[in-house]
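Protein chains: 2
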Amino acid sequence: IFIMAGLYLSFLFQLFFCLVFSLPTGRNSICGYRSCPATNPSMLNVHLVPHTHDDVGWLKTVDQYYYGDRNNIQHAGVQYILDSVIDQLQKDPARRFIYVETAFFYRWWKQQNQSTQRIVTQLVNEGRLEFINGGWCMSDEATTHYSAVIDQMTLGLRFLNDTFGECGRPRVAWHIDPFGHAREHASIFAQMGYDGFFFGRLDYQDKARRMKTKEMEMLWRASESLTPPLADLFTGVLPNGYNPPEGFCWDQSCNDAPIRDDPDLEDYNVDEIVQKFLNASYRQAGFYKANHIIMTMGSDFQYENANLWYKNMDKLIKYVNALQAKGSKVNVLYSTPSCYLQELNLANLTWPLKTDDFFPYADDAHDFWTGYFTSRPALKLYERLSNSRLQTCNQLEVLGGPKSKSGPFGEGDSDTMKRAMGVAQHHDAVSGTEKQHVAYDYARRLATGWAHCEVLVRNSLAILSGSEAPRVFCENLNISVCPLTESSHKFSMNVYNPLGRTVSWPVRLPVNGSVYSVTDANGRAVDSQVVPLSKSTQEVRRNRGYAKGELVFQVEAPPLGYSTYIISMLRDDINNKSVTFDETTGLLSSLTNLETNQTIQLTQNFYWYNASAGNNKESPQTSGAYIFRPNSSDPFVINKTAETQIVTVSSTVQEVTQWFSPWVSQVVRLYEGHRELELEWTVGPVPVADGLGKEVITRLDTDIKSSDYFYTDSNGREVLERRKDYRPTWELKQTEPVAGNYYPINSRAYIKDDKHQLTVVTDRSQGASSLYNGSLEIMLHRRLLYDDYRGVGEPLSEPGDFSDGLVARGRLLLTFTPPDTAADVHRPLAQGMVLQPLLSFQDGTPSANTKLEFSGLQTDLPPAVHLLTLSQWDEDTVLIRLEHQYQAKESKTHSQPVTVNLQKLFSTLDVLGASEMSLGANQWKEDMDRLQWNTSKPLPLSAKDPSPWEVTLNPMEIRTFLLRVRQL
Amino acid sequence: IFIMAGLYLSFLFQLFFCLVFSLPTGRNSICGYRSCPATNPSMLNVHLVPHTHDDVGWLKTVDQYYYGDRNNIQHAGVQYILDSVIDQLQKDPARRFIYVETAFFYRWWKQQNQSTQRIVTQLVNEGRLEFINGGWCMSDEATTHYSAVIDQMTLGLRFLNDTFGECGRPRVAWHIDPFGHAREHASIFAQMGYDGFFFGRLDYQDKARRMKTKEMEMLWRASESLTPPLADLFTGVLPNGYNPPEGFCWDQSCNDAPIRDDPDLEDYNVDEIVQKFLNASYRQAGFYKANHIIMTMGSDFQYENANLWYKNMDKLIKYVNALQAKGSKVNVLYSTPSCYLQELNLANLTWPLKTDDFFPYADDAHDFWTGYFTSRPALKLYERLSNSRLQTCNQLEVLGGPKSKSGPFGEGDSDTMKRAMGVAQHHDAVSGTEKQHVAYDYARRLATGWAHCEVLVRNSLAILSGSEAPRVFCENLNISVCPLTESSHKFSMNVYNPLGRTVSWPVRLPVNGSVYSVTDANGRAVDSQVVPLSKSTQEVRRNRGYAKGELVFQVEAPPLGYSTYIISMLRDDINNKSVTFDETTGLLSSLTNLETNQTIQLTQNFYWYNASAGNNKESPQTSGAYIFRPNSSDPFVINKTAETQIVTVSSTVQEVTQWFSPWVSQVVRLYEGHRELELEWTVGPVPVADGLGKEVITRLDTDIKSSDYFYTDSNGREVLERRKDYRPTWELKQTEPVAGNYYPINSRAYIKDDKHQLTVVTDRSQGASSLYNGSLEIMLHRRLLYDDYRGVGEPLSEPGDFSDGLVARGRLLLTFTPPDTAADVHRPLAQGMVLQPLLSFQDGTPSANTKLEFSGLQTDLPPAVHLLTLSQWDEDTVLIRLEHQYQAKESKTHSQPVTVNLQKLFSTLDVLGASEMSLGANQWKEDMDRLQWNTSKPLPLSAKDPSPWEVTLNPMEIRTFLLRVRQL
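Residue numbers (the working numbering), protein chains in the order written: chain X, 610 to 1577; chain D, 610 to 1577.
Take the hints with a grain of salt, since some may be wrong.
Identical copies carry no separate label here, and so any pair may be met within one copy or between two of them.
Taking lysine-lysine and the BS3-like style, the derived pairs with C-alpha atoms no more than 25 Å apart in a straight line are [claimed, not checked]:
1) Lys719 to Lys924
2) Lys1501 to Lys1314
3) Lys898 to Lys1364
4) Lys898 to Lys816
5) Lys700 to Lys719
Hints were generated in silico from the structure; no laboratory data involved.
Since this is a predicted model, take the numbers as computed values, not measurements.
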């Protein structure tokens, strides 16, 4: 794109209009591929990669890890790791180190004095310290949403770019620990400009096969929609997870023998160690194609005392290479993943192609890591809601202008929330695999982040609306708690819509009146209805709220804007009549789409798998935070029939309450004018007094002829086909008929046949499967009694606020359509679920000059276009990401290129210049020059932009721009 | 002394005749007291002393500790500690560190490149790295002999002096870990020029009292014989053992909270930590007299990652001292023990006087560390014999001249043995408190040391005798194994006498003949007798030897010289008659001294204490390697009567064998012309199949009216009075009637009344007590079934070579005299036991020109003078120590000043110059300028030297000289 009206970006390597360019570092540096060490083409080159793997929270909180606090839980202190590595790198220019997690590096950097910062900058400029991956954290791949992943990567990459310039730009993605790998992640990395991707964990059967066939390294074509090589990513499986070869761990946390090379002392062992290393090198070389192999010399929180590692590696290199003089053909060197990658690229070999993903991950026959898809459902929801809030916060920071950060309600910011969301993406955060106290810390950080955002949002809405009246947010509407609506007789509600098009939602407010008047921003009356609280809501809210009913009505808000509703109580004579249940009625039995006149048989019920206690004969594996392992493939039904009650049939909503047991209930809702059936489930406290851990699912059984096939999304975007007891890339020997068929879903899953598609849109990441023809099951909640031996050291048994176990509540949205129009419904439905409207309340009547409606856009975006990101970047720059939200071919209507005019987007911002960026916004798009790999065949190019301002999006494409803007 | 004929000493700070002076370092340095940091006289000054305590072997061998090998046993790697500390000291000139164990520092230093050596030298010269204690190890105080202690200190101090000059001279002795403190050690330290002494462990009752009365610091008058302040030593008890105050341990091995001073992160704790530190400082100040207190910031093998310590201490100092601006009166600083000591000295206070010692050590009511006095009796003997061999080796290196190190038998040296003996003095070495595999390592090192010495000794004896015929040493004479004497019909035996006077010993050689001719160097026939092997010897030797009897005769050798005996078999018709026992006879019943015509009733028997298994109600304390805790105060008798047999009554020897049980036997011997009764005991394998740990004693019960008093030596020198259930310095509450009355003996113990004294001279260090009037008991062997929770993690149950438990054999020499002449007998007897003759054998007849007799001295030394050290120092310099071996007043004859003429000592060396040194030989005697303390009263001076060459020794005085010599 050529339109850059004076855009001044201090952190980037390109300039357009002006030559004024303040590059912090690296101008004459030799970083990147040019800094790589020499290798020997006639030998086997062994690339030693010194690294540390620093979880951004797991057994300890991220700050405890940073400081090295609570070392009784786990010995780990990242501040010392960085101190030590920087010291040791200075001792020998040949030494290298990579650092990965910017959340930690950022904490450390800001505590260093200038002298240390200068030294570090020099190390970076010389390629001796290299940033790899570089996101705020190393994100989970199964339970994260692409929106939050892109954000956390952007946060980390920006810090590196601001601090180190081009030499700080990571070339390689590095997910050595996540428990399975999502295709969407690979696609994101490719679009961010990474040249390669390395990971440590994949299915043990898959790994065994790949070692045999030398397919440990491959080209991953990570999108069916994007034109190759846009989403092509060179991908390598590391030989030893991310650990060193056996016997060569020289960290303080290891007990391997040091190299004892003083002949005057006992136990001289140089010859023995060298021979062992040569053996390990040749063995590993047998599994890889090139005459270069990589060895990860490090592990969890290693290098706190880097001297131990480097001193022994120095000796190893010296003594192994000394044998070359005697004819040895092994050349060992300090290296980095990117230097290794460059050698593979130069080798000009042909690599196998991979098009599916790496789920589920099993490390042994009965050890499927499919439990964490659902672990900690409440944290998973809170993280998802927080993403919605962060996007809203970002948008309102842009729309409200500078005063949103310092306005009538004080100082607010979005940075705190960005960082909180950044750590929450970690593979032991939203994944639910952290210790309980750490889960609380993540939640607390998100709450603190929102508290900072809340001020910003208050300021911004005050600026936009012209009203500085106090504004209340209700955090607990999902359990019908909101002190203002419960007590006020007259109040207004601001509905902010973070989506790029006008959307309507049903709203439910806890109230104590029986009849209300609701009017919209234009003074038009809105249909509303007060419905009684469900029994489970009354139980769950306890004494936190006192509403007798919920006021239900539908609201609509313009794109990137808000609308205001005025609510007045008319009557307060609710009978607090007890809810009674009809004991003869039962479950859902069929579903009809009145638009298409389709009907399917549908029963839905709740079941629990009995979690393995590790006491059966095949394997001692238990179900735990990571692992899902049912004792039997047949789940127990909670109740064959439900006590049901039709609560309400009104023009606004139809509601049926189902009561399955004291710990499982559901409300089924159909809102007027909506195409989806809402199932609000409430599960918990899961009883475990019987000594049995329980993994609770809901199962939809239909007469759809889905056979063994079902479909799940990848990080909330592209959908992958799944087939029971089958993997596309190897002949699966299925050993866990249930757990081995579970896949992560982030936004949706569906089953279909030629005529019908049943799609479930979820409110958070969960595990799902289809184990029978026409059946789809989703795991909702888990409560377990044993640790599963993957390190967390706790059984997953979350305490509740008022009971011995956590109650989780959530929503599933069911749509039922013909397959060829399904995406037209579920794509916008899922985006609406992800980006929820933000409701805020003001008591009384808005003052006369209050602006009751606002939109930041000139008009709705086209239906295929999703506004993924709108966020203030620099003083006069905003970051925007526009996304084509349909896959190729999934929608007749929408799976087409669509064009957006960047200058005509905003109603309150004048766009002065635009510069297209890589997806991570750390490189100019036109500077992206990724390594080419032999498998990639040139394919027809995507549709071109019609003009510099008009940008065309192809299916599933995300385009990232920095816009220079001026508030109108 | 003024006689220094051109003596050139490159390592010392003084010169006499010449100005040529190659000082390695430190010429313009500001080390020592001048380098101490400023303090604040109006505040409480808290001296933080960063330190590491590096055991020279304990759970791992010394080399495993050095390298950090076998970290699965214990995480500890000294190479990394020194790497890390040197790095961290460079980061801030305020930081300080002390290093203690030269055995480790030596290993590290020789692996450093010149650049690192220069940096370290500068740190030493600036007082930032200070050597403290500085011996090869931190010696044990209960089970070591002063001769070996002085040697190991000399070895370490010399390395420091050679390497760093004056700045490497330690000012402070530092025994923070040894389990009780010997008065002789304090005396040695004083004579070595140390200004002060700090330790960590003392009886818990004593400590409690001292804290209350502020007597934690004192002046220790460590000799009753030496004129004060010669043996006066300022002594301080450290407040927390050698650990930091609770909550302030920042090593990687600790879990205390780091200082979290980033307000942007969670858990900011600066205020809390500072307050906690102020509280700890004021509390500690309450137990000490001065406005200076010391905090030991370190512990076992800490500082492997020194950054953790220094980073947090930097912050502590910064934040604590920042409060001074707000009125705080606490000043905290990096310091060293010597800087702390200097402040105490400047404080000009009066200190309490201490004249007894710190044995036994108890850390709780039932936790007396009196077991290790006897633990590993075989290792204790081997260490003692090795000292004798090392002295012999040293002497023969001097007497044989340069060719002794490189001569007809190859390359030999005494250094290996010096270092092996150096590590064997460690407080987990000869003490017997190491793991079994480490005990084997110490023994192996001593064996290797002797192997190097053996070559030197062969060379030297070849030079001195003129015979290069092969020479055989027999290591196993104590179990009657010596292949040459068993098989040869004619051989010669060289008897080397390491003492300064002519001595005669009985010799017992395993033979297969029945009658032998033995002639001395002058061809005179020597009485000899073949006696049958005892039953226990036959059992213990197994198939290692085949002798049918022992040839017994007395030999005599000139001082510092040898004599040669020729042995020829005359008849080989030994009847292998079975030994029979007289079942009616019993035990010793009386002892008569025919010279003085005295008789006492004496019964001797063997008993075992049932070791506590930790299952009684007072305390869970078990008996173990450290702790002695009998289950009952009454030991079980092995057998009330013994099967006895009079084996031999001849002109040479009278022998009676006693058989108490299959695992306890004894031979009682009286040699012609000797004043002592020899009891050769054999104990083991101690049976434990009954599930009872056993601690085996022998007890002598007499009618001597000793009441509660008995006497034990201190490190083999001065004798201290002991009193049952009593401590001289506090009112003892006795809680362990047996273990609480045990004391270490190194060479002797005695009981006495006005008329009689029964003295026992031992062959190794043991525990001893007198629990009844007239009774003296000595613990001989221990075999236990439980660890005693002091870290070693193993029960003390030593395996035997051929049986499931170790068999120990040893000798007690009993003398019975009037008290006022007892020392005249036991002093030379003990020295003869310590410095045993070295026997070597040559097959056949010596060639005609062989010199059969040699003495390195012109004449015997006076009876009061012991030649403690004679050792080659530099090419033309030898180190000599002359010792007055009598205490003041213990002998009418010998407790008088005695004079030796240095020029008239040697028969083969011309003494060209002499320079008197401190006891450790790292300082000119006249430069010794120790700090003065207020308690010391000036006392009459000792006798002066009559002339420069004639040096006078007062009782218990040791004088150390470097002599410049020329071989005549």
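Against the structure, the hints come out as follows:
1. Lys719 to Lys924: Classified as between; 16 Å across copies, 34 Å inside a copy.
2. Lys1501 to Lys1314: This pair counts as within: shortest intra-copy Cα distance 23 Å, inter-copy 117 Å.
3. Lys898 to Lys1364: Classified as neither: same-chain Cα gap 47 Å, cross-chain 94 Å, threshold 25 Å.
4. Lys898 to Lys816: within (15 Å within a copy, 70 Å between copies)
5. Lys700 to Lys719: For Lys700 and Lys719, the Cα distance is within 25 Å both inside one copy (23 Å) and across copies (19 Å).
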